[in-house]
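Residue-level listing of the chains:
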Amino acid sequence: MDFSLSEEQQMLKTSARDFLETECPEDVVRKVEDEDKAYSPELWKKIADLGWLGLVYPEEYDGSEGSVMDLAVLFEELGRAMCPCPFLSTVVLCGLPILEAGSDAQKKDMLPKIVNGDLILSLAMTEPEACWDGKGWDAEGITVKATADGDNYVIDGTKLFVWDATAADQFLVVARTKDGGAAEDGITLFLVDAKDPKVSCTVLRTTVGDKRQAEVVFDKVKVPKANMVGPLNGGWAPLYKALKVGMILISAEMVGAGEHATEMSVDYAKTRIQFDMPIGINQWVQEHCVWGFANVEGTRTVVFEAAWMLSEGMPCDFEVSMAKARANEAISEAFWRAHQVLAGVGFTTQDGVLPLYTKRGLCQKIYLGDTDFHLEKVCQAMEKWPEPEKPQGKALGIFDVPEDVQVPVWDVWRDQTKGKLW
Amino acid sequence: MEFGFTEEQEKLREELMEFFRKELPEDVDGGVPAVNKELQDFWLDIQKKAGAKGYLAPGWPKESGGLGYSHTEVGIANEVNAYWGVSWPDSIGLHICGPGIHLFGTDEQKKRLLPEISSGRNVWFECFTEPDAGTDEANQQTRAVKDGDYYVLNGQKIYITGGFRPDWLYVEARTADTIPKHRGLTLFAFPADTPGVSIKTLPCMGGYRANEVFFDDVRVHKDTMVGQENQGFYHVMQTFEFERSNTGGAVSARRRLQSLVKFCKEEKRNGKPLIENPEIRKKLALMAIDTEVLRLAAWRTCWRFAERKRLGPLDFDLTGFFVRANAETHPTWQLEFLGDYAQLRHGSKWAKLKGSLDRQWRMTRSYHYAGTTEVMKLVIAGRVLGLPRIPAKLNPTIMQALQEKK
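Going down the list, the sequences are from chains R and Z. Quick note, the first sequence lines up with residues 3 to 424 if you use the numbering used here. Quick note, the second sequence lines up with residues 2 to 407 if you use the numbering used here.
Excised from the complex, chain R in its bound form (with noise of 0.2 Å):
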């Protein structure tokens, strides 16, 4: 058990923090709200020249063969900073599929591009039907289909809250080929070129008022079958793979910004005369800022003992989902409890930061699984686990006793053979 970072991560989370305190303060978050991208060009190619972009891609292809520990330290400060770019969805969700299933050609091709910050890629999942029950971010929630046609393949269908959308060159699709049995055995992934005539993005207004998420019409699309990513049938595997790296990054960005939000209301429960004093005297303000704080710090240790478990590899898809669960949960919590400790200076939009934090917080929670989406992956691991273990001695027969039998009045029964110590 270690709780530290690793001195190359402690580097990479100061230098990150003024980084982006310079190159992606609170008034570029807001510029990029009304770019019709939803990123800011500039400070892409910034990332790009840092190496942010290759951490965990290896050496072959420009990347500096990091681990999902450390794309979480990072993924920490973007939070905090709300940095307004399509790291997870090019890198992470898009980029390790690739990497993990992806031909030969296709990774020379792309990985090196995507790490120098020149191939931007979306991810095409989620479905108009899926998103309601829970099952957007299964399996079970993949209807549009891609079906052959000599060395195409033709998708139908749409897509909906297909992130960074707009910014992207391709996108990723996420497609049936075959129907019947299990519901991971019949899809597959496809690289489809944004520009093609075929395709159509249409932004959504959210809950942020920026322009990140989109409806994707797919509209009988051919895509020549080398675009295949991964085997035929076989795109769940790595795809899922990627998706819990996801999950386990938007946490880490929600933890960064929980913290955050929650300094906020300590210094400003601090400064904020009321009644000749701070109101951070008064002990339901200082309830709201605990709460907020035992909240952060609690999920940061289930979100990193997940990336731990995931950079080693081992199979952690319960600890993903408790990750997740917890910070959709926790941080809501610490950003409400934020709200009633800034009050008025927390819901001005046009100067409060607070907002900001709190409407990408919705948009965050419901990403890539919301809270009920989690619980249910978690009880279902739960249904699996082992009886307790039972002792092997004989057994005594004088556990029964009703717990009401009064004990007799207190008498001197120390083992008097020793003599008196004093």
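No lab work stands behind these hints: they were computed from the structure. We treat Cβ as the ideally placed atom computed from N, Cα and C, and that holds for glycine. Watch out, some of these pointers could steer you wrong.
With beta-carbon atoms standing in for the labels, derived distance ranges [claimed, not checked]: (1) Z:Thr333 <-> R:Leu234: 45 to 55 Å; (2) Z:Lys49 <-> R:Lys396: 13 to 23 Å; (3) R:Glu10 <-> Z:Gln142: 55 to 65 Å; (4) Z:Arg113 <-> R:Thr273: 53 to 63 Å; (5) Z:Thr333 <-> R:Cys203: 40 to 50 Å; (6) R:Gly315 <-> Z:Pro62: 38 to 48 Å; (7) R:Lys392 <-> Z:Trp351: 20 to 30 Å; (8) R:Lys392 <-> Z:Ser367: 22 to 32 Å; (9) Z:Arg346 <-> R:Lys396: 24 to 34 Å; (10) R:Cys203 <-> Z:Phe6: 41 to 51 Å; (11) Z:Lys49 <-> R:Asp402: 16 to 26 Å; (12) R:Pro233 <-> Z:Val380: 55 to 65 Å; (13) R:Ser17 <-> Z:Glu230: 46 to 56 Å; (14) Z:Pro132 <-> R:Thr350: 43 to 53 Å.
Using the hints, position chain Z against chain R.
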């Protein structure tokens, strides 16, 4: 970061697991409070066997009867104890008095008392709390007046846990009337059969019992003093830290959840197993998550101890906070799974899970030792987050109440 254990640590865990697997009877129920002599003798017997192997206080040095385990290894031992539902009759001696004597006792005291504790032959009472000194620990009224080589103790202690048959008492008493109050307290460790000591039992709603301890002209030698005169409060605060670094809580909670999952799979309502109820599924998952958060919080404290040897005010950990937060919700949710059966106690033929959920619920109403939830929150607010605190003398209502009391 590293969330696993080394191979040697896992080996050690298995060795400890094996000890209890063999020693405990198959029908053991660690949740049953040791309400009678038979039960306490049973646990005392196991305690002595564990003590003989050094498992009771594994973190203590060999000369004190321990095994010289590292902090992490002690954490593992605590997990194993909790897994088997072991309740040491002398947990007070092991976790409060022993560490206190380690830190502040004379060589003579260490040589004589520590092996007594680690061997498991004794039961200690920690006599700190008084009717007017609960959270306000420094407000001790029990007096120890110097008389030559002796101190004479007079006063009353209350809510003293640890069973009903103590061998030793670990007492905090006032030796000087100082301002502030906490600069005049001193610790003593002496046998419970010293003339003038009497004990009265206080049954509690959790089924176990607490005690009142009375001192009437109890004469103790000055060698029974632990640490320095008038430094008792500081000594106690430092030893209290040990109470907050227990890795066992999450393990026993997880074990209870395992039994509960099994129960929910087998128990049917209207022909359907409980586990198919969406509300129950959701709560089971939430409890598993809370338990994991608690487990990691405890290990984090354990790791900090290992790194820094002792905790500073800024290292205040959240273990106690999460224990109390979970104690509020989990037992109540679990009872709700049972419907009308929730109210049936151990002993009723209709009671589910041997009435353990009812017992757990009643027990957790009393999780106030070593600081109530409110105190923990105040400590986090003040020491960790640096929020201001209102001085009593600025508040006219408080001042009036104090005046009236006098």
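Hints, verified against the model:
1. Z:Thr333 <-> R:Leu234: 45 to 55 Å: 51 Å, holds
2. Z:Lys49 <-> R:Lys396: 13 to 23 Å: Holds - the Cβ-Cβ distance for Lys49 (chain Z) and Lys396 (chain R), about 18 Å, lies within 13 to 23 Å.
3. R:Glu10 <-> Z:Gln142: 55 to 65 Å: 56 Å, holds
4. Z:Arg113 <-> R:Thr273: 53 to 63 Å: 55 Å, holds
5. Z:Thr333 <-> R:Cys203: 40 to 50 Å: 49 Å, holds
6. R:Gly315 <-> Z:Pro62: 38 to 48 Å: With a Cβ separation near 40 Å, Gly315 (chain R) and Pro62 (chain Z) satisfy 38 to 48 Å, so the hint holds.
7. R:Lys392 <-> Z:Trp351: 20 to 30 Å: 24 Å, holds
8. R:Lys392 <-> Z:Ser367: 22 to 32 Å: Cβ of Lys392 (chain R) to Cβ of Ser367 (chain Z): about 28 Å, so the range 22 to 32 Å holds.
9. Z:Arg346 <-> R:Lys396: 24 to 34 Å: 27 Å, holds
10. R:Cys203 <-> Z:Phe6: 41 to 51 Å: 49 Å, holds
11. Z:Lys49 <-> R:Asp402: 16 to 26 Å: The hinted range 16 to 26 Å holds for Lys49 (chain Z) and Asp402 (chain R), with Cβ atoms some 24 Å apart.
12. R:Pro233 <-> Z:Val380: 55 to 65 Å: 57 Å, holds
13. R:Ser17 <-> Z:Glu230: 46 to 56 Å: 53 Å, holds
14. Z:Pro132 <-> R:Thr350: 43 to 53 Å: 51 Å, holds
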